[in-house]
Amino acid sequence: MTSESDRKRPLLVLESISKAYPGVVALSNVSMSVMAGEVLALIGENGAGKSTLMKILGGIVQPSSGHIIVDDIRCDQFHVTESQSAGIAFVHQELNVFDNLDVAANMFLGREIRSGFLGLLDDKTMRAAAEPLLRRVGATFKPDTLVADLSLAERQLLEIAKALSIKARVIIMDEPTSSLTLSETKTLMNVIADLKAEGIAVIYISHRLSEIEECADRVFALRDGKAAGELSKFEINHDAMIRMMIGRDLNSLYAPPAKPAGGAILSLTAVRTGAKPSALVEFDIHYGEILGVAGLVGAGRTELAEAIFGIGTILEGEIMLAGKPFKAASPRDAIEAGVYLVPEDRKRTGLLLESAICENICLADLSAVSRNGFVSQNLVKARAEDQRAKLGIRTTDVMRTTAELSGGNQQKVVLGKWLSMRPILIIFDEPTRGIDVASKVEIYRLMRALADAGVGVMMISSDMEEVIGVSDRIVVLREGEIAGSLSRSEFSEHNVLKLAVGAD
Amino acid sequence: MHKKDLGLAVLIIIVGAVVYLRNPLFLSPINLGNTANLIGLFGLFAIGQGFVIMTGGIDLSVGSMIALLGVIFVDMVGKFGVPWPVAILVVIAIGTLLGLAHGFLITKLKMQPFVVTLCGLLIYRGVARGYTGEATAGFPFGANYPGLEWLTIGRSFGIPHSFYAMIFIGVVCWLLLHRSVFGRHLQAVGKNEDAARYSGIRTGFVITAAYVICAVLTAVAAVYFAMFTRSVQPSSHGNFYELYAIAAAVLGGFSLRGGEGSIIGVVLGVVLLQELQNLVNLLGIPSSLNFAVMGVVILFGVLADQQFNRYRAKRKAANALGLLTKKGSTRREAPAATDEIR
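Protein sequences appear in the order of chains A and B. Residues 1 to 504 in this note's numbering are what the first sequence lists, from first letter to last. Residues 1001 to 1342 in this note's numbering are what the second sequence lists, from first letter to last.
Just so you know, the hints here were simulated from the structure itself, not pulled from any lab data. Quick caveat: nothing in here was measured; it's all calculated off a predicted structure. Possibly wrong hints are sitting among the right ones.
Think about it this way: if two alpha-carbon atoms lie no more than 20 Å apart in a straight line, the pair counts; the simulated DMTMM-like pairs of lysine to aspartate or glutamate are [said to hold, decoys possible]: (1) B:K1110 / A:E354; (2) A:K327 / A:D284; (3) A:K55 / B:D1194; (4) B:K1314 / A:E479; (5) B:K1003 / A:D149.
Quick list of the computed label-pair ranges, beta carbon to beta carbon [said to hold, decoys possible]: (6) A:Y21 / B:A1313: 37 to 45 Å; (7) B:H1002 / A:R135: 24 to 32 Å; (8) A:D345 / B:I1153: 52 to 60 Å; (9) B:S1156 / A:R135: 52 to 60 Å.
Each residue gets a CB set at the ideal place from its N, CA and C atoms; glycine is no exception.
Given the sequences, and given the hints that come with them, work out the whole structure.
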């Protein structure tokens, strides 16, 4: 990259940055530079120190040692104001927009334009100023649109436009595509290309390696708080990135089934759900297989899973579970029948985040850890310890709160809750969203082990790599109906998409 | 005017029409004047409560504060002969201090607004009762304060001055909440405090200011109430007023989670509550039922509003879907444009 660009001086240099918290070293001796007009991908597992590094760049956290150099000038202090005047802007993973305000108000929040002798808000001028910025990022909404009416992707464009409005030179995007559709992701990639062309640097943080292959000029990896290496444009590929992140080769992400699939463990015949009453659904899940469920966002995959689990309603049709008719009017019914759901939103519906790990694991089956109607703390702990050992939940103590765990370990707690009971069918809804590569692999292994042990496994996923890699068979939903089913030999991104959008 | 406010205004007119048909006295100048006075009195502090609710907080101390400041005001003017403009300023200053104390405890010591102001409710009421020894504070027999009386209980063009005061303060607060930088920051803080801080907003200042505004408007209301009742019975004066204010705000479209609501809404909420009070009196419903009537109306009002919103959201979603499928059918050959896989 250096050959084409002697015009490029580093915009920003981090020099031997370390950050120690009481008891933990989050970053040790990390040096990194950012050039104008490049996309620098920052990768690393959860807990590798990415977010600490970004907080230091944002001036929210001060490094214990090391320096930040902006335009060849060494900054002694780097607080929020220095960060802002250096032109560093964030597009957050959890979007920081205010849905009760309009687009222009969000864009100028904290830097409002005033007019008149009372110094009241000048919405007209702000909206006029917002207009060209929105156009630059390819947004189609108007500056006076209420943010509540924008989609997630549109909100993200708003954040990028806001970054432009403060004349940002370095835009940090933290998992920008985690809730975008494919076409929205394409739009974002175009916007990133435009930003690059204007000489703006983008620091791109993502777990989605194929996106990084597509857009990054350079990859910088962190592992356990230390720099784990860099890749230049031509060296970027999946294997190299994974090797840097986890420090070893990942032989194979996906394991094949132990034996061919058997008879049906769950079968749906002519089922209509309350969420999509016009759609007829029919499919089977076999013993020993992992059934992948793909489809567009809004195709009704989660709603279907919820209907089976007794949260949504089943209007008509027949469901057979292990040869017996099955109908759950509530999650309690489903759980009693051995049908469990690992929900999409782990933090909201999967866990009691503020409760102890052991309480989460025992929550759904308290009678098993009770004596004479009183919950026995010893049994609760014993059961949790058992799951910790089996699943490799990394914690010092099962009495600690679940919120302290990384995403991957939290997901294992959700799993531990179900595996400590008697699963017949487990539905995984987006099981690895926001989870780092090494934990993903562990979860894939667990799903495979469950399937091999004769538990029905249904996996809903929007991650194309995952659907194709993990599943033994894929059904694709479109507008609530089964658009088609693919066997392993027919697996391809193209075939899944074709069914999902209903095109020939 | 916001759609929500419009709906509330329509409800007020419908209820008014029904009451008028059953009892034409409803529109008599005397009844209208009295009701306007009450709307003014309650409106003053309900607007203040609106600012606090906008932050996602709550101020439960309003009623007790009206009693305490009322006692202090009446004593200053009636017993110690303090000139009334000075007394008003002192009462407002005390209100400011109390508001600052609430804000300090909530933003700096990170206490929950409910707890802080619940303690305020108990403390101010207790101090008012202890200070007076449970005795009613009143003005000396036959005392006259022409200027003060003109300002508080006087009328111009048949409309009580308390109503004018509420309108004036309402306009100022409308500019403050809906047209000033502070108001915008307040809305942002109420919606997402952390994100607001990261946007460079001084969230502690904004929240404290909301409690100060609430306490100051409550202090102003305390003077008006003291002059309206002429005497302050410390154990009952202002009882439950905080709940009137919260109810008015909720009726007016405020969300107790913060970030939502308008000044017009809370004023209309006050109007509706007073209209209901009036309805109970005029239609010969036993006045012991007046809380029950209010409770039922608020319950159904908020429920109806929620259902209506849900219906609107559904219709919007259906429209969007219709648009999408229409687009899809005309653009079958270009599926990439409508694909939605993440």
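- Message: Going through the numbered hints above, which ones does this structure break? Give me the numbers in ascending order.
- Response: As far as the earlier hints go, not one is violated by this structure.
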